[in-house]
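Protein chains: 2
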Amino acid sequence: MKTSEINALTAPTHYIESNGVSFAYRRFGKPSAIPLVGFQHFTGTLDNWDPIILDGLAAEREIIIFDNAGVGNSSGETPDNVLAMTNDAVNFIKALGITKIDVLGFSLGGFIAQYLGEQHPDLINKIIIVGAAPQGTKALHNFPQLIGRAQEKEPMEIFLYIFFTSSQESRNKGKAALQRLYSRTEDRTKAATDQAVMAQMKAITHWGTEKPSISLKKIPHPVLIIQGSNDEMMDSDSSYTLFKELPNAVLTYYPDAAHGSFYQYPEMFVNQTNYFLNN
Amino acid sequence: MKTSEINALTAPTHYIESNGVSFAYRRFGKPSAIPLVGFQHFTGTLDNWDPIILDGLAAEREIIIFDNAGVGNSSGETPDNVLAMTNDAVNFIKALGITKIDVLGFSLGGFIAQYLGEQHPDLINKIIIVGAAPQGTKALHNFPQLIGRAQEKEPMEIFLYIFFTSSQESRNKGKAALQRLYSRTEDRTKAATDQAVMAQMKAITHWGTEKPSISLKKIPHPVLIIQGSNDEMMDSDSSYTLFKELPNAVLTYYPDAAHGSFYQYPEMFVNQTNYFLNN
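Chains as they are written, first to last, in the UniProt record's numbering: chain P, 1 to 279; chain C, 1 to 279.
Bear in mind the hints are in silico, worked out from the structure with no lab data behind them.
Honestly, I wouldn't trust all of these hints.
Treat identical chains as interchangeable: a pair holds within one or across any two.
[To be verified] With a cut-off of at most 20 Å between alpha-carbon atoms, the simulated SDA-like pairs for lysine to any residue come out as follows:
#  : residue 1 : residue 2
1  : 218       : 185
2  : 126       : 256
3  : 244       : 166
4  : 175       : 157
5  : 126       : 268
6  : 138       : 190
7  : 244       : 254
8  : 244       : 256
9  : 217       : 168
10 : 244       : 139
11 : 94        : 146
12 : 138       : 79
13 : 126       : 27
14 : 153       : 188
15 : 94        : 147
16 : 94        : 31
17 : 175       : 238
18 : 244       : 167
19 : 94        : 32
20 : 217       : 256
21 : 126       : 271
Just so you know, these numbers come straight off a predicted model, no measurement behind them.
Construct all of the structure, not just a fragment, from the sequences and the given hints.
Laid out in structure tokens, this is it:
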């Protein structure tokens, strides 16, 4: 297969060993000095990235997505705190021999992005944070209850409930996004185990209750923050708080959108993110 | 001169009569079904538009900028309220025989944009609002004092004080923007008269004290809101309030930026605005 034919739907899953963990990852796109590495949401795996977004970004740079320790097709145990997840991710990146990355962190991945910026500034070039919040965000105290309510629904409804608003237009865009997420038919990843689910739930809930220890003001990197108007899980307001704390952030809110804002406006997100990374 | 050679620096000033007012305007750019009409800030005239922004937008659509009644090179009296300014602007647009426009409203122009969306929905396609606020924004109670403090400074410092933050980087971008605003050397407009200054000051201050009468929730158009992180005049938070009230708005904040956020990031603004208008 030629490089140009490798895209989000066809990129093979590779594995690399680091610190006793076998990390599953996919790597494709236009070769670039600095690859963009994607960090996934609660229970999310390689297959939860929107192909439109991956291919739109891969047109201008190399993309690496991976399953963090204990998630999806990666081995090991999922830690119950964001700092340990960050350290696992850094081990993975170093195992690839990469010394500089751009970061795309979605939800839980956006928490890891904050640790990466503060604790590994030399490894990071630019950061994109979608649907996330700073430490101490009160809305996250209710994370287990929100997930509990979601789990009572049918599988498609869980996705729509978490990531989209209740408007018909948002739901329709959600159904289209879900189709895209399932348009890759072969070499798919395993779902998150109970261990991963429980550990990530603890980490996310704790992110909301813990006293902020990350000094966001010290993150020197350009940051692009994306959020929906109605993210109940993270509380949309908390992205504005994050923006005010970061010294060099651009913040964009999308209309009638919930936690999955970039699933709802993939082309706008690609345009904005490519501009942000290229300039 | 060929159409392609007409740009922000060379576009001649035309005049059209409507309702007893001779409106000064410039019109150029790629012919398009819907022109983008620019509405200026307090005391601003045809020459206060950033040439980088005008030419960046004109590459993809027709641009019309004008001096509203009593301002710059237009005759007549400047009204002391935003609604009457809106009516004057509509008279100008109708005199040109135009039935549908996109709106770019900066500061005071962003107030007019809100009236246009609510009272003239059929005339409007999309709206861009930069550095503005909804009615009732308390920060505007101090508008005369802020302008008073600015007037005590040297001319260049007035511009930097109003539109940029106190950081060296923001100030440097401000000096570059000021150079661009003076790079058109011929056929420049007259400065605002005392009558225009006093009437606009009253209108802007009243915008902050008046009870909201515009029903923002009824504005059906796609709106793009742009604001800086540190706009003291409008209070940056008020753009988030505006975003929450409007049913279909995208909101972007730029870092380390004050009231003149789009002067500071003209290329990012052009990329985002062209995407917004094209899609």
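Quick check: which numbered hints come out false for this structure?
-> 1, 6, 11, 12, 14, 15, 17
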